[in-house]
Amino acid sequence: MNNTKRIAIIGATSSIAEHCARIWAQQGSVELILVGRDQRKLEIVAADLLVRSQNTKIEIVVTDFIDPTAIQNTVDALFTFQPIDIALIAHGTLPEQQDCQSNLGLNYSTLEINGISPVLYAEAFAQHMTKLNQGSIAIIGSVAGDRGRKSNYVYGAAKGLVTRYAQGLQHRFAGTGVNVSLIKPGPTNTPMTAAMKGSEKFATPEEVAKTITAGIESKKAVIYAPAKWWLIMMVIRHLPSLIFNKMNI
Amino acid sequence: MKPISSWGRLSHEDHQVIPLNDRHQAFNQIRANETQGGIAHGMGRSYGDVGLNPKGALWLTTGLHHLIHFDEHTGRLICESGVLLRDIQRLLIPRGWILPVTPGSQMVTVGGAIANDVHGKNHHLLGSFGDHVQNIKLIRTDGTIIECGPLHNTEWFSATLGGLGLTGVILEAEIQMRPTAGPWLDTESIPYSNLSEFFELADSSEKDWEHTVSWIDCISGKGQGIFMRANPNKELKHAPKMKAEKKMPFVPPISLVNSLTLRPFNFLYRNHQKYKAGTSTVHYEPFFYPLDKLLEWNRMYGPKGFFQYQSVVPRNVGQDATQAMLKEIEKSGEGSFLAVLKTFGNRESLGMLSFPEPGVTLALDFPNHASRTHKLMNRLDAIVKEAKGRIYPAKDARMPRELFEAGYPKLNEFLKYRDAGISSSLSRRLLGS
Numbered sequence: 001m002n003n004t005k006r007i008a009i010i011g012a013t014s015s016i017a018e019h020c021a022r023i024w025a026q027q028g029s030v031e032l033i034l035v036g037r038d039q040r041k042l043e044i045v046a047a048d049l050l051v052r053s054q055n056t057k058i059e060i061v062v063t064d065f066i067d068p069t070a071i072q073n074t075v076d077a078l079f080t081f082q083p084i085d086i087a088l089i090a091h092g093t094l095p096e097q098q099d100c101q102s103n104l105g106l107n108y109s110t111l112e113i114n115g116i117s118p119v120l121y122a123e124a125f126a127q128h129m130t131k132l133n134q135g136s137i138a139i140i141g142s143v144a145g146d147r148g149r150k151s152n153y154v155y156g157a158a159k160g161l162v163t164r165y166a167q168g169l170q171h172r173f174a175g176t177g178v179n180v181s182l183i184k185p186g187p188t189n190t191p192m193t194a195a196m197k198g199s200e201k202f203a204t205p206e207e208v209a210k211t212i213t214a215g216i217e218s219k220k221a222v223i224y225a226p227a228k229w230w231l232i233m234m235v236i237r238h239l240p241s242l243i244f245n246k247m248n249i
Numbered sequence: 001m002k003p004i005s006s007w008g009r010l011s012h013e014d015h016q017v018i019p020l021n022d023r024h025q026a027f028n029q030i031r032a033n034e035t036q037g038g039i040a041h042g043m044g045r046s047y048g049d050v051g052l053n054p055k056g057a058l059w060l061t062t063g064l065h066h067l068i069h070f071d072e073h074t075g076r077l078i079c080e081s082g083v084l085l086r087d088i089q090r091l092l093i094p095r096g097w098i099l100p101v102t103p104g105s106q107m108v109t110v111g112g113a114i115a116n117d118v119h120g121k122n123h124h125l126l127g128s129f130g131d132h133v134q135n136i137k138l139i140r141t142d143g144t145i146i147e148c149g150p151l152h153n154t155e156w157f158s159a160t161l162g163g164l165g166l167t168g169v170i171l172e173a174e175i176q177m178r179p180t181a182g183p184w185l186d187t188e189s190i191p192y193s194n195l196s197e198f199f200e201l202a203d204s205s206e207k208d209w210e211h212t213v214s215w216i217d218c219i220s221g222k223g224q225g226i227f228m229r230a231n232p233n234k235e236l237k238h239a240p241k242m243k244a245e246k247k248m249p250f251v252p253p254i255s256l257v258n259s260l261t262l263r264p265f266n267f268l269y270r271n272h273q274k275y276k277a278g279t280s281t282v283h284y285e286p287f288f289y290p291l292d293k294l295l296e297w298n299r300m301y302g303p304k305g306f307f308q309y310q311s312v313v314p315r316n317v318g319q320d321a322t323q324a325m326l327k328e329i330e331k332s333g334e335g336s337f338l339a340v341l342k343t344f345g346n347r348e349s350l351g352m353l354s355f356p357e358p359g360v361t362l363a364l365d366f367p368n369h370a371s372r373t374h375k376l377m378n379r380l381d382a383i384v385k386e387a388k389g390r391i392y393p394a395k396d397a398r399m400p401r402e403l404f405e406a407g408y409p410k411l412n413e414f415l416k417y418r419d420a421g422i423s424s425s426l427s428r429r430l431l432g433s
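Chains as they are written, first to last, in UniProt numbering: chain A, 1 to 249; chain B, 1 to 433.
No lab work stands behind these hints, which were simulated from the structure alone. Be a bit skeptical, because a hint or two may be false.
[As the list claims (entries may be wrong)] Here are the computed lysine to any residue pairs in the SDA-like style, where the Cα-Cα straight-line distance is at most 20 Å:
no. : chain 1 : residue 1 : chain 2 : residue 2
1   : B       : Lys293    : A       : Glu207
2   : A       : Lys57     : B       : Leu91
3   : A       : Lys197    : B       : Gln16
4   : B       : Lys137    : B       : Lys55
5   : A       : Lys131    : A       : Gly175
6   : B       : Lys2      : A       : Ala203
7   : B       : Lys2      : A       : Ile249
8   : A       : Lys197    : B       : Gly63
9   : A       : Lys201    : B       : Met43
10  : B       : Lys2      : A       : Gln98
11  : B       : Lys2      : A       : Ser151
12  : A       : Lys201    : A       : Lys228
13  : B       : Lys327    : B       : Lys293
14  : B       : Lys55     : A       : Glu200
15  : A       : Lys201    : B       : Gln16
16  : A       : Lys197    : B       : Lys388
17  : A       : Lys41     : B       : Lys137
18  : A       : Lys201    : B       : Leu91
19  : B       : Lys293    : A       : Thr204
20  : A       : Lys201    : B       : Leu294
21  : B       : Lys2      : A       : Gly175
22  : A       : Lys41     : B       : Ile68
23  : B       : Lys2      : A       : Thr193
24  : A       : Lys210    : B       : Arg86
25  : A       : Lys197    : B       : Pro3
26  : B       : Lys137    : A       : Arg40
27  : A       : Lys201    : B       : Val17
28  : B       : Lys2      : A       : Gly198
29  : A       : Lys197    : B       : Val17
30  : A       : Lys197    : B       : Asp14
31  : A       : Lys201    : B       : Lys327
32  : B       : Lys2      : A       : Glu207
33  : B       : Lys2      : A       : Gln97
34  : B       : Lys388    : B       : Ser425
35  : B       : Lys2      : A       : Ile116
For reference, chain B alone in the conformation it holds in the complex (with noise of 0.2 Å):
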C-alpha cells in the first residue's frame, strides 16, 4: 500500500499499485481486484478523483512508454497508453509532425489524455483530444481485448473516449498527427476590460487564429483580463532552446495563494501582460504549457490542496452565465490564482461523456478552505445547472451526481459499457459503485 493523492492534492489515502510494464502481459495484472476493483493511473494530472481508488489497486501505466510505429509520410502513431504527451512533442515536432490538440499541461499520458478527452487552445478548429485519435486497443479485467475507433467498433470508442477509465484499461492508441513547421508561434496578447470585450475578441479571432485563449481576473469582478491568440511561425526554424524545469521545493505550511497574495498578484499579473501586450514569436512549451516550467505548483496550495472548477455553458447564455459565476467570487472572497476563459468551437466531442461542447468554458482554482469552499462552488453549480451547463470530470473533486447527470445526457447509454472490475472514487461517487 502507497499514499498516492491527485493534482489537487485533496487527499493522500494508501493504494495497492500495481505498475504495468509489458503490453502483454498486463491482461494478468488487471484481473479484477477483489474488494475494491481497480483504474488505471498515469501521471496523476487530474485534479480530483479521476484517478483514485483508496485501498483498492491503481494499475500505474507510466511503465508503458514505448513507441510503436510511425508513419513518416501519413503521420500515422502508434503508441503504448503511457506516453507523455511532452515525449511525442519533442521527438516529433522536429520532424514536421505535431500532436493536434494537447491540454494545459504535457506531463499527461496518451491514455490520460484519451480517458478524459482533453481539449487545448484550439478546440475552436480542432475539437478535442479524441478527434485524432484512430484506434484504442482496450484490456477489460476480463481478459478480453477490444479493438475500436472512429470507423470500427464506434460505440465502444464513444463509450471510451471521455469514458474515465471506466470501461477498460487503454493499452494503446493510434494518433493522427498534424504537419508542422517547427515550434515557434506567432502570438498576440490584447488586454480585455470586460467580458463583452472577451467575447466581441473572441467571435473575431477564431476564424484566423489557431490558438485562443485569455486570462481572466475573477477578483475585481468587473471581467477584466487579457487575451491570447497565436498562430504557427512558418520561417523559423531554429532548434528550440528548452529552459531549465524549476520544482516547488516543498509544501509550504499554509497556502500561498490566500486573501493577502491574490490581490497583489491578480494586479501585478494584469500590469505585467498589459506591458507585454503585443506581437512576439515564442516557442510552443511556454505558450501550450506556462506551468509545466514549474512543477509541481500544485505544491503552493499548501497541505490542504485546491480545488479546480471548470465549467462549460452553451453559448448563447455564456456571457450572463459568466458574469454570474465572477459576481459569486467576488461576493465569496474565495478568489482564484488564475482563472481561464475560453470559447469551444461549434462542434459536439465524439466520447458520450466528453467534457467539450459548443459554448463558454471557464477554470478556477481555489485553495481548499473546507465548507467555504464547498459553498461557493454549490452556487457555482446553481449558476451552470441553470444555464444548461456541466462540469469537467477531469477536474472534479465534489459535484453532486444530479449535477453530473443533468450535465452529461448519454450517460445511460455509458454504463452499458461499463467494466465491471473498474472502479474509481469518482465512479462510486457519481455512478454509485
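The shape of chain A in the complex, shown without the other chains (with noise of 0.2 Å):
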C-alpha cells in the first residue's frame, strides 16, 4: 500500500499556504499539488520545494479561482487517478477597507475571491471526499470574519461567510471518514501586511503554518494561528456593542 499523502494546496504562492507546503515537504512521502492562477508564480514556489526537499512529487495546476465551472474541472481532474488526502484551501486577498467602501467593483471582487470562491473550492471537494468517505479539508478564514469590524468588515464578511460554510460542512461530515478544518490565522508577517504599522509584531508564516499544519494533522475543527487568538477572539466577540462600538478597531 502507498503511504504517500497528496496534498492539494489551493492559492499556493499564498505565504502562510507556502510554508504549510515548506513543512508538509520536510516531512516526507508527501506528494504536493501546487495550484494557483500564475504559472511563473507557482513555478519559483516549486523550485524552492524541490531544493528543500528532492524526494517530494510537486505538480502545478494553473486555473481559475472565480468560474464555478473551472473550479468544479480543477477538483475533478485532482481526483482523476488518486484521491486527494489533504486540501488546503488558502487564497485570498486584503484590499483597503476604504476602498472597499468607496469602489463596488472591489467590494464585490473582495467577496468574491475570499468568499464565494474558497466555498466553491471546499464543496467541490467535499462531493469527492464523500464519496470516498476519507480526506480533509482545511479552509482559511481569519479572526476578521469572527465579527465585524469598521477597519475591514469587508474582507470580513467574505471570511465570515467562510466561517458559517466550514460549520455547516462539519455538520454535515459528523462521524464520517472526512473532516473539516477552519483556520483563522491572526495578523500575519507577511508580504501582504509588510507596509503596515506594527506588521513586525504580527505572527511569522513560519510559526502560523506549523500551528496550521499540526492542527491539520490532529483533525481540529477551528484552528486558531497562534492559538492566542481564541481567547482575543472570544472576548471580542462577547463585547456588548455598547462598549465594541467606541473601539477603534
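With the hints as a guide, bring the two chains together.
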C-alpha cells in the first residue's frame, strides 16, 4: 500500500500556504499539488520546495478562482487517478477597507475571492471526499470573520461566509471519514501586510504554518493561529455593542 | 509610511515600505522613486543607517525568500536575495554543506551579507562572504539587469560586493557552499590577561584553528579577556537539538547597559568564562551566533538605542592602536557591554568598499548618551585614522566623511557604478547624495 499523502494547496503562492508546503515537503512522503493562477509564481514556489526536499513529488496546476465550472473541473481532475488526502484552501486578498467602501467593483471582487471562491472549492472537494468517505478539507478563514469591525468588514464578511459554510460542512460530515478544519490566522507578517504599521510584531508565517499543519494533522475543527487568538476573539465576540462600538479597531 | 529602525534603534522615522516578493516583477517596483530614491532593506540587522532612507522608499527583500537550485555534488546554491542565512544553514548542514562564512548573526539575508561583505570568525582561513559568491544578479532602477561574479563582469562584482546596496538591488546570488561533517564544533576557551597574550594566542591559533575570536573586557583597561577557538568536529553526527528562542519582551525605559551594570557584568562574565575555560564540543549555533537566542536583544539599550563601533587597523600598529582605544574607553567611563577583538587574515577583500583587510578588528557597543558618546567615538576615530585603519559602514551611524574617504581608497572608482535612483541615509551622509 502506498503511504504517500497527496496534498492539494489552492492558492499555493500565498505566504502562509507556502510555509505549510515547506513543512509538509520536509516531512517526506508527500505529493504536493500546487494550484494557483500564475504559472510563473507557482514555478518559483515549486523550485524552492524541490531544493528543500528533493524526493517530494510536486505538480503545478494553473486555474481560475472565480468561474464555478473551472473550479469543478480543476478539482475533478485532481481526483482522476488517486484521491486527495488533504485539501488546503488558502487563497485570498486583503484590500484597503476604505477602497472597498468607495469602489463597489472592488467590494464585489473582495467578497468573491475571499468568500465565494473558497466555498466553491470546499464544496467541490466535499463531493469527491463524500464518495470516498475519507480526506481532510482545511479552509483558511480569518479572525476578521468572527466579528465585523469598521477597519475591515468587507474582507471580514467574506471570511464570515467561509466560517458559516465550514460549520455546515462540519455538521454534514460529523461521524464520517471526512474531516473539515477551519483555520483562523491572526495578523501575520507576510508581504500582504509588510507596509502596515506594527507588522513586524505580527506572527511569522512560519509559526502560523506550524500551528496549521499540526492542527490539520490532529483533525481540529477550528484552528486559531497563533492559538492565543482564540481567547482574544472570544472576548471581542462577546463585547456588548455599547462598548464595542466605541472602540477604534 | 511606516516607522523603521535599524538594529541600533537610534531613529524611528517613516519610510515608504515596498515589499518585493516576485523576482520577475521587482523591476516594476524599484523604478526610481521621485523624491528620495530608495534602498533595499532585508532583516534590518545593520546597526546604523546603511539600510535606512527616511521619507523615501525601502524595497523590502524578505519576501524574496525562495531557493532556486542546489547542486548536491558541487555545493552550488542559487537563491533569492531575501533568504536568511539561518534557513540555508538549517537546511543544508544536515545534508553535508555549510556556508563558508557567516557573521555573528544568522538572522541576516543573503543580499545583506553581500552588500556589506560580512565576515566571520574564520576570516584568516576563508576571507569574507564575498569570497564565496559566484554570481550576483542585480537589478538597476532603470530596469537593466546585470549579472556579475569573480570571473565575469568583475568590476561590477567588485563594486556590488560590500557596495552598501548602492549599485542596484540584489535579486539573486549563487554561493559556493563548503562540505561539512555536521553541526558540531570542538572548542577551546583560554583566558588572557593582556594584549600581548592575545596576539600570541591569535598568531599561534591561526594555523590550526578554523575559528578564532575573543571577548575583551574594556572596562578595566588591562586588555584582559577570553580567547575562543574552534574546529569542526568530524565524528559526532547527532541531530541538532534547538533550544527555544527567547525575546527581549519590552524596551526598558532606560538603558540596562549603564555604569551600574557594566562592571558587575564584565566581572561576572570574565569569571564565568574562566570557569568554563577548557575544551568542549558545542553546536554551531550558540558558538557562531551567541546573541541570536535572545531575539531583539538590542532593546536592552533602552529607547535611545546604541552605537556599534567596529574598526580595523593594520597588524603592525594593531597592538598599540587597540591599547590606545581601550585607554580612551576606560577614561571615558562609557563602557561597552561586550567588546570583540579578532585578527583578520592576510588577504584583501574583493569588494571596492569591503570592510575586512589584514589587521586587527575591535567591535564595541555603546549605549547612546548623545554628545558624551559622540565625543568618545571622535577620539577613537582619531586613533583609527592615525593607524591608517577604517570603520565598518554596516555598523556605522556617524563617522565623518573624511574618515570614510581615508579608509576606503577605492571610493572614487566605486562611484562610477552607483545607481542614481538609489540613496540611503548613509550615502547622503558620506557621499553627498
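Hints, verified against the model:
no.: 1; hint: B:Lys293 with A:Glu207; result: holds (16 Å)
no.: 2; hint: A:Lys57 with B:Leu91; result: holds (18 Å)
no.: 3; hint: A:Lys197 with B:Gln16; result: holds (11 Å)
no.: 4; hint: B:Lys137 with B:Lys55; result: violated (27 Å)
no.: 5; hint: A:Lys131 with A:Gly175; result: holds (15 Å)
no.: 6; hint: B:Lys2 with A:Ala203; result: holds (18 Å)
no.: 7; hint: B:Lys2 with A:Ile249; result: holds (19 Å)
no.: 8; hint: A:Lys197 with B:Gly63; result: holds (17 Å)
no.: 9; hint: A:Lys201 with B:Met43; result: holds (13 Å)
no.: 10; hint: B:Lys2 with A:Gln98; result: holds (18 Å)
no.: 11; hint: B:Lys2 with A:Ser151; result: holds (18 Å)
no.: 12; hint: A:Lys201 with A:Lys228; result: holds (14 Å)
no.: 13; hint: B:Lys327 with B:Lys293; result: violated (32 Å)
no.: 14; hint: B:Lys55 with A:Glu200; result: holds (19 Å)
no.: 15; hint: A:Lys201 with B:Gln16; result: holds (18 Å)
no.: 16; hint: A:Lys197 with B:Lys388; result: violated (43 Å)
no.: 17; hint: A:Lys41 with B:Lys137; result: holds (18 Å)
no.: 18; hint: A:Lys201 with B:Leu91; result: violated (26 Å)
no.: 19; hint: B:Lys293 with A:Thr204; result: holds (17 Å)
no.: 20; hint: A:Lys201 with B:Leu294; result: holds (16 Å)
no.: 21; hint: B:Lys2 with A:Gly175; result: violated (49 Å)
no.: 22; hint: A:Lys41 with B:Ile68; result: holds (12 Å)
no.: 23; hint: B:Lys2 with A:Thr193; result: holds (12 Å)
no.: 24; hint: A:Lys210 with B:Arg86; result: holds (18 Å)
no.: 25; hint: A:Lys197 with B:Pro3; result: holds (7 Å)
no.: 26; hint: B:Lys137 with A:Arg40; result: holds (18 Å)
no.: 27; hint: A:Lys201 with B:Val17; result: holds (16 Å)
no.: 28; hint: B:Lys2 with A:Gly198; result: holds (8 Å)
no.: 29; hint: A:Lys197 with B:Val17; result: holds (10 Å)
no.: 30; hint: A:Lys197 with B:Asp14; result: holds (10 Å)
no.: 31; hint: A:Lys201 with B:Lys327; result: violated (41 Å)
no.: 32; hint: B:Lys2 with A:Glu207; result: violated (24 Å)
no.: 33; hint: B:Lys2 with A:Gln97; result: holds (18 Å)
no.: 34; hint: B:Lys388 with B:Ser425; result: violated (25 Å)
no.: 35; hint: B:Lys2 with A:Ile116; result: violated (33 Å)
Going down the numbered hints, you'll see the structure goes against 4, 13, 16, 18, 21, 31, 32, 34, 35, while the others check out.
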